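Peer 1: Sequence:
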Amino acid sequence: LWTEAAELGSTTAHADMGIAYYNGWGVAQDKAKGMCCWESAAMQGHATTRHTLGIFEFDGGNYDRAVRHLLISAKMGLKESLNEIKELFVNGHIAKAQFAEGLKGYQDAVEEMKSSDRE
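Just so we're aligned: 1306 in this note's numbering is position 20 of the sequence shown, and the numbers increase by one with no gaps anywhere.
Any given hint could turn out to be false.
25 angstroms max Cα-Cα, derived PhoX-like pairs, lysine-lysine [to be verified]:
#, residue 1, residue 2
1, K1372, K1400
2, K1390, K1372
3, K1365, K1390
4, K1317, K1372
5, K1390, K1361
6, K1372, K1382
7, K1382, K1361
8, K1390, K1400
9, K1382, K1365
10, K1361, K1372
11, K1400, K1361
Pair ranges (Cβ atoms, derived) [claimed, not checked]:
#, residue 1, residue 2, range
12, N1377, K1319, 21 to 27 angstroms
13, M1329, E1290, 17 to 23 angstroms
14, K1390, Q1315, 21 to 27 angstroms
15, V1313, Q1393, 15 to 21 angstroms
16, D1394, M1329, 29 to 35 angstroms
17, K1390, A1314, 26 to 32 angstroms
Hints listed in this document are in silico derivations from the structure and should not be mistaken for laboratory results. These numbers come from a predicted model, not from an experiment. Cβ atoms here follow ideal geometry from the backbone N, Cα and C, with glycine treated the same way.
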């Protein structure tokens, strides 16, 4: 069903397929295919998957790619990504300007998601 849902454009299906392939849950383990599924979900706007890719890139030593992924997901309103960006800044891995970009992007996303009906 995930394959069918992914073909219909479900970013969550792509993300779930990535988890299944990467970990070998219910399918033969294929880390490359799992990463490909995650990249597809991220490119289609799945913020959590974008964050996950940022973590994997950082762990693999690809710091520039990691920061780009985390900035994008923070700008989509994912607090976990903002927290990672903050940690990278505190530990001297990114510049103050990159931290500021992530913080502003996150704040803008949160503000945009607010509804006058909820207040």
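Peer 1: Please go over all the hints and tell whether each is borne out by the structure.
Peer 2: The hints, checked one at a time:
1. K1372 to K1400: holds (23 angstroms)
2. K1390 to K1372: Holds, at about 12 angstroms.
3. K1365 to K1390: At roughly 12 angstroms apart (the allowed maximum being 25 angstroms), K1390 and K1365 satisfy the hint.
4. K1317 to K1372: It is violated: about 29 angstroms lies between the C-alpha atoms, which goes past 25 angstroms.
5. K1390 to K1361: Cα-Cα ~8 angstroms, so holds.
6. K1372 to K1382: Holds - the C-alpha atoms of K1382 and K1372 are around 10 angstroms apart, at most 25 angstroms.
7. K1382 to K1361: Status holds; Cα separation ~16 angstroms.
8. K1390 to K1400: Given pair K1390, K1400 holds - Cα atoms ~15 angstroms apart, limit 25 angstroms.
9. K1382 to K1365: Distance of about 18 angstroms is within 25 angstroms: holds.
10. K1361 to K1372: Given that 25 angstroms is the threshold and the Cα spacing comes to 14 angstroms, the pair holds.
11. K1400 to K1361: holds (15 angstroms)
12. N1377 to K1319: 21 to 27 angstroms: With a Cβ separation near 32 angstroms, N1377 and K1319 fall outside 21 to 27 angstroms, so the hint is violated.
13. M1329 to E1290: 17 to 23 angstroms: holds (19 angstroms)
14. K1390 to Q1315: 21 to 27 angstroms: Violated: the Cβ-Cβ distance is about 40 angstroms, outside 21 to 27 angstroms.
15. V1313 to Q1393: 15 to 21 angstroms: Since V1313 and Q1393 have Cβ atoms about 39 angstroms apart, the given range 15 to 21 angstroms is violated.
16. D1394 to M1329: 29 to 35 angstroms: Violated, since D1394 and M1329 (Cβ atoms, about 21 angstroms apart) do not stay within the stated range.
17. K1390 to A1314: 26 to 32 angstroms: violated (43 angstroms)
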